[in-house]
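A.B. asks: Everything in the sequence shown is counted per my numbering, starting at 2 for the first residue and increasing by one.
Just so you know, the hints here were simulated from the structure itself, not pulled from any lab data. In this text, all values refer to a predicted model and were calculated from it rather than measured experimentally. Glycine included, each C-beta is placed from N, C-alpha and C at the ideal position. Take these hints with a grain of salt, some might be off.
[As the list claims (entries may be wrong)] Just the calculated beta-carbon pair ranges, DEER-fashion:
no. : residue 1 : residue 2 : range
1   : G135      : P107      : 19 to 27 Å
2   : G159      : R100      : 33 to 41 Å
3   : E44       : K117      : 41 to 49 Å
4   : E44       : D91       : 14 to 22 Å
5   : E63       : K117      : 32 to 40 Å
6   : H36       : R108      : 16 to 24 Å
7   : E156      : P35       : 33 to 41 Å
8   : R31       : E156      : 34 to 42 Å
9   : E157      : A105      : 17 to 25 Å
10  : H36       : T131      : 27 to 35 Å
11  : R158      : E44       : 32 to 40 Å
12  : D30       : V125      : 16 to 24 Å
13  : E63       : L90       : 31 to 39 Å
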Amino acid sequence: MTGIEFLASFLATGELYGLRVGSTLDEVDRALPPHSFVDVLGEEGAWLRRDYGLVEFAFNPEPEPGPGPGTGAEWVVATVTLQLHRLALDDDLAQTWARSTGVAFPRYTSWEELRKELSRAHGVPELKVTDQGGFLQYRAASSHVSVLVVDDGDEERGGRVGDGDVWSLDLWLPFRTG
Numbered sequence: 002m003t004g005i006e007f008l009a010s011f012l013a014t015g016e017l018y019g020l021r022v023g024s025t026l027d028e029v030d031r032a033l034p035p036h037s038f039v040d041v042l043g044e045e046g047a048w049l050r051r052d053y054g055l056v057e058f059a060f061n062p063e064p065e066p067g068p069g070p071g072t073g074a075e076w077v078v079a080t081v082t083l084q085l086h087r088l089a090l091d092d093d094l095a096q097t098w099a100r101s102t103g104v105a106f107p108r109y110t111s112w113e114e115l116r117k118e119l120s121r122a123h124g125v126p127e128l129k130v131t132d133q134g135g136f137l138q139y140r141a142a143s144s145h146v147s148v149l150v151v152d153d154g155d156e157e158r159g160g161r162v163g164d165g166d167v168w169s170l171d172l173w174l175p176f177r178t179g
């Protein structure tokens, strides 16, 4: 699978390797091939961030169901970020990811290429666009995925992504109402 196909699927469905908001840390460990990662635990265990280089997960503790106190807590996915901007600096990152997952990401991903691929997907989400000061954010409420695109005519491709390139994609926890 190409990186563009993978990203369009993620944007349309809000799923990454079958993982969604609410997936457990154990499910993440089973879904992703063995990659090195860095864990950062928040103060007093308020949150956990796991960074695989290309993909970063943020987890919140959720009490496990059970009778009475002392049942413990389980880490569940609150957000997922695909840090595509990191590929511009690190050729090894894309190669490692391609070998272990079969998904080949290019060094740069243009928003136009991603939009074109997304238009072929089933259930194309409606995108709300907002200016984020040097970036445009395209937010799909149906899948809870946002795309951050560089919006700076002076930014050229090189060791960084350039104007019109995708910086990152984020899967976010929807707000609870009621």
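A.B. asks: Does each hint hold? Answer for all of them.
C.D. replies: Results for each hint:
For the pair G135 and P107, the supplied restraint of 19 to 27 Å holds, since their beta-carbon distance comes to about 22 Å. Restraint check, G159 to R100: a C-beta distance of roughly 25 Å breaks the suggested window 33 to 41 Å. Take E44 and K117: their Cβ atoms lie about 44 Å apart, and the range 41 to 49 Å holds. The hinted range of 14 to 22 Å is not satisfied by E44 and D91, whose Cβ atoms lie roughly 30 Å apart.
Taken as a hint, the range 32 to 40 Å holds for the pair E63 and K117, whose Cβ atoms sit roughly 38 Å apart. Checked against the given bound of 16 to 24 Å, the beta carbons of H36 and R108, roughly 19 Å apart, stay inside it. Checking the proposed 33 to 41 Å range against E156 and P35 shows it holds: the Cβ atoms sit about 35 Å from each other. Distance hint check: the CB atoms of R31 and E156 are about 38 Å apart, consistent with the given range 34 to 42 Å.
Here the CB-CB span from E157 to A105 is close to 24 Å, well matched to the stated 17 to 25 Å. In this structure the hint that H36 and T131 lie 27 to 35 Å apart at CB holds, the actual value being about 32 Å. Separated by about 38 Å at the C-beta atoms, R158 and E44 satisfy the suggested range of 32 to 40 Å. For D30 paired with V125, a C-beta distance near 32 Å fails the hint of 16 to 24 Å.
One distance hint, 31 to 39 Å for the beta-carbon pair E63 and L90, holds here, with the actual separation near 35 Å.
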